Amino acid sequence: MPAVSDLANAAVSGVLTGTVYGLMALGLSAIFGVIRLVNFAHGELMTVAMYTAVVAFQRLALDPFVTMLGAAVAFGALGYALQRGFIGRFIRRPEHAQMLLMIALAMIIGNALLLGFGPDARNVQTDYQLDSFAWGALLLDKVRVYAAGAAVLATALLAAFFRLTLTGKAIRACADNPLGARVAGLPVAHLYAVTFGLGAASVAVAGCAMVPLIDVTPGLGPGFTLLAFVIVILGGLGSMVGALLGGVIIGLSEALAGVLIAPSAKSMVSFGLLVVILLARPQGLMGAGRR
Amino acid sequence: MTLDTMTLDATTRAPGRRRALIAAVGVAAIALPFLVNNYVLSVVTLALYLAYVGQAWNVMMGFAGQLSLGHSLYVGLGAYASAGLFFHYGIGPWLGVWVAILLCAAVGAFMGVLAFRLRISGVQLSLLTVAFAELARIGFDHIGWLGGPGGLFLRVADRGRVDLLGFRGPPALYYYAALALTAGALGLCALLLRRRAGFYWRAIREDEVAAESLGINVFRWKMKAVILSAAMTAIAGVFFAFYYNSLFPEQIFSFGRSIEIVLGPVVGGVGTLFGPIVGAGALVLLGDGTTEVMNRLGFDVPGVKQVIHGVLLLVITIYLPNGVWPPLARALGFGPKRI
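Here the protein sequences line up with chains P and W, keeping their order.
The opening residue of the first sequence carries number 1 in the working numbering; numbering runs sequentially from there.
The opening residue of the second sequence carries number 1001 in the working numbering; numbering runs sequentially from there.
If we strip away everything but chain W, and leave its shape as in the complex, we get (with noise of 0.2 Å):
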């Protein structure tokens, strides 16, 4: 083969290959409900849950470069305002999420300005966001208003009725939801990395005096990165609330949440577009899959998925610091990808 067919072939037909994986992809994701279990199906959720979550981290640390640790913060507000609504007022999650996301917006908003006009950077910047969380954390537990430790309830759902509206019905129902939410947020990024945005977060990523010199507003670009990052997350809390209906500040706010949300991306490839759901995919597999197969056997241990994520956790951050994605994608043929 030489030189030109080679190039002709990187060139014409990844695209091709591409657009069939993605469709192929599609049509198997929206197929899913009608193929397998309830319980493989909640699987699913979960890891498109982790997906989403992970996407939204994503846009904070892996475009902007700015490092939290403490994202269990916007999941644990969106969920609790949302929760909040419902539970006392009556008031749907449509109208909740807008709720959340404004209120999570306010404080990413809030800890950026203090953040960034203080020029607070690297292990400092995350130990702030740690702070935040367990202040959280603490806190919801003294508001009786939302159950304090004690835990805020919502109504378990009749799986057999679909209600749009309220965002109650049967297992389906979330699947499709969670998978909007993946695909919604897929899209987002994909567009924002293409655009001004996306430039700039890498620019500043990389180089933060250097992206000032150019003449880009480097504390403007990560507040809205902060701020949109906040606000997705937000969503993520909402769907979280109406699927486990039941909340507690001791779980929801805690950091191995923050962590378990930083692990997907990590995993996949920070930075990159399908990172954060192969590195879900991966993590839930491995995890939940482990601790399924012994559960099974008959032993009940807990930790052991936890084990094994901080294994894999590990075992990717030594071996593909760049995460499993870009070599996966390249092997796909999706060519050398631009991160």
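Excised from the complex, chain P in its bound form (with noise of 0.2 Å):
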């Protein structure tokens, strides 16, 4: 049995990091909740992320939450164009269809980036990388905090856009009557972008957050998107605060179970999670009853 120091330094490090995972699930709920559409390619933006990361430290010294901004901007516009200009097409299409074009998307990202940057792991090393807060016997990484300040205030900033503009409530009502939305005169096709736009803005915040955190591979990308989904049903879609909730719950769960099992174990307990929850409350934690 390890220290209860070990456990409470595992714990707190794994509710950190659950935060960004919180936050990158969160553009998947939104486009999901929004769009209907399941986004298998979420995972794959997410390496995009965290390569631009890499890439602006390597090439421009830029430590990756100031690259986050940059990136959080440039990802919004792709995301709008994506959705607009490509993805758009497709949304009437039936789900299986939609999955299957995203899959593709997604397997020619992840290859593209095997193929641009080689299978070796990259990371970022900056000058603040070891560094750690301490707190009583507590000590937490710097990287981990800052990583989720940015993650919680990104989040924050996603709920009270959905909350208070105008444009956010335009959004709530396509996703809750689409139909009902372009009834009443909504650029429907518009919101759509703009929340694809937001999601994959999320995600450059997540993907930046991440980058001092883990390394990357170009293969890291199903993994991402099958932890956002787990988190996303978890939580309940189009939930924000069961988004982030949900990527707290299995950021804290892995973290224990790779100190208490077996580091290899600790996807196994966000897996069984998944089913867990899809069997029992098919709904997630946050989310309303399906129609």
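Mixed in with the good hints, there may be bad ones.
Among chain W residues calculated to face chain P with C-beta under 10 Å, some are [said to hold, decoys possible]:
1. Ser-1042
2. Arg-1119
3. Ile-1120
4. Val-1266
Which bits of chain P does chain W cover? Going by a derived footprint, with three or more residues having C-beta under 8 Å, they are [stated by the list, open to error]:
5. 89-96
6. 102-114
7. 124-131
8. 165-179
Derived from the structure by calculation, the hints contain no laboratory data.
Bear in mind the structure is a predicted one, so any value in this text is a computation, not a measurement.
The beta carbon of each residue, even a glycine, is placed where N, CA and C say it ideally should be.
Reconstruct the complex from the two isolated chains, following the hints.
As structure tokens, then:
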């Protein structure tokens, strides 16, 4: 049995990492909740964001937390264009056809990264990489605290956007009833594209925040996609609080499983949770019943 | 040409042409090992293997409309079951295949009961299949008895000697086995589509509520589709184990492998009989063909094959949502095919 302080440290770092997972999943949740698109290329977008941060660090010596801002804007524009110009055309296709379309995109992006960057792991070494805040027996990695701060801030901004702005409210109206929104004269195609842009921007922030925490390889995509799905289903589709909560639960349980069972058992716990949630409460912890 | 002669043409000439084409393909397939070298034979064997697994997946998705994105689960379970029996107890594949089939049918049934009793469908169902495959991937990493992450290796076959009982021998043996599997699956599916099962499954695929209201026991027939699909895939796993002789949980249960299984039927045409075969052929030809050409030219870059597969999948989903087979069938004069 590991010492209590080890457990506490693992738990705290798991919660901090979990907020970044939560932000990543929030992007997926928004895209699914509003556009009803199952974004199987979500993890690949995340991986692209991580490579962006690595390249910006190596070429321009930019800190990932600075790159984050530019990446969010760039990914937002890219996401808008992708939805408006490409994916939006397939919105009426059956669900499985959309899934396959996104899987095709994921295969192309993931393997293009492999072609471009090679299979080796890359990372970013900032000068505060190994620093930590000490708080009693607790040691908090600086990078993890910053990453969590960025993730929580981005989540709060996104939540405020959806709650307080007119565009945000319009998007929620589209999610509730696309036909009604169209009848009321809302520019649905534009709002869908804004949603995809916001989803991509969340992923950009999450990706840049993740770079100091783990090494990036081209093959990370599918794992992230699945993780995002686990979190979203756990928290409840379309629920912002749910995504953050789901992320924290997954981060925490992975960290604890890593200490208590074995590091390799980490994702076993998340997939086990997914199965249990799918079977016991398919609408998720915070989700309303479907339809 | 008047309308009468045209209809006459369509009804009388098409079956003859179809029979002639099938006969020609059959003769060519049997003669192939005598005509080509071992490399070409291994590529064709891979295509046939993918065609067979695709056909098995097609039973669940193409016929009954249940999208599985975790079929690598059954390939892996089948492979590890038979390979484990052979490795530890010397029990050959002819017995092992039954264990594999029973195991996969049981796992398929378990998942089916959970999913269909709780009315999980669509994305949630697909994710459930992914989750089971991922759980198996991670779980098998922890089974030391089956080699864990280090892999399970079978003695490589003596290529010179044909050992039918141990399923060991030259490449041609595996080629004929894959050919027999593909032909058998095609025959079975053709038969099922004409019988009650085919009609019930397609009714469920098109509209579950309508099917139920017509008195079809939707739960039972979905279960039959999943179990049959899992059992067929198990045989592919046994073939995989004894053909490649090495098994790693990270590879065999991976999400990528599940997608690879889906690709063939999607490219060829989901729900069609010849789609999985045509699709697997196209994928292997384009993917491995390009890789081979690039290797000959002195480039060795991993990922090219997958990018090509991705582009192919993208193009097909956009422009030919029903796959390449339906238009191809019309071009070959097979007439409009009821799917």
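Here's how the hints hold up against the structure:
no. : hint     : verdict
1   : Ser-1042 : violated (23 Å)
2   : Arg-1119 : holds (9 Å)
3   : Ile-1120 : holds (6 Å)
4   : Val-1266 : holds (6 Å)
5   : 89-96    : holds (count 4)
6   : 102-114  : holds (count 10)
7   : 124-131  : violated (count 0)
8   : 165-179  : violated (count 0)
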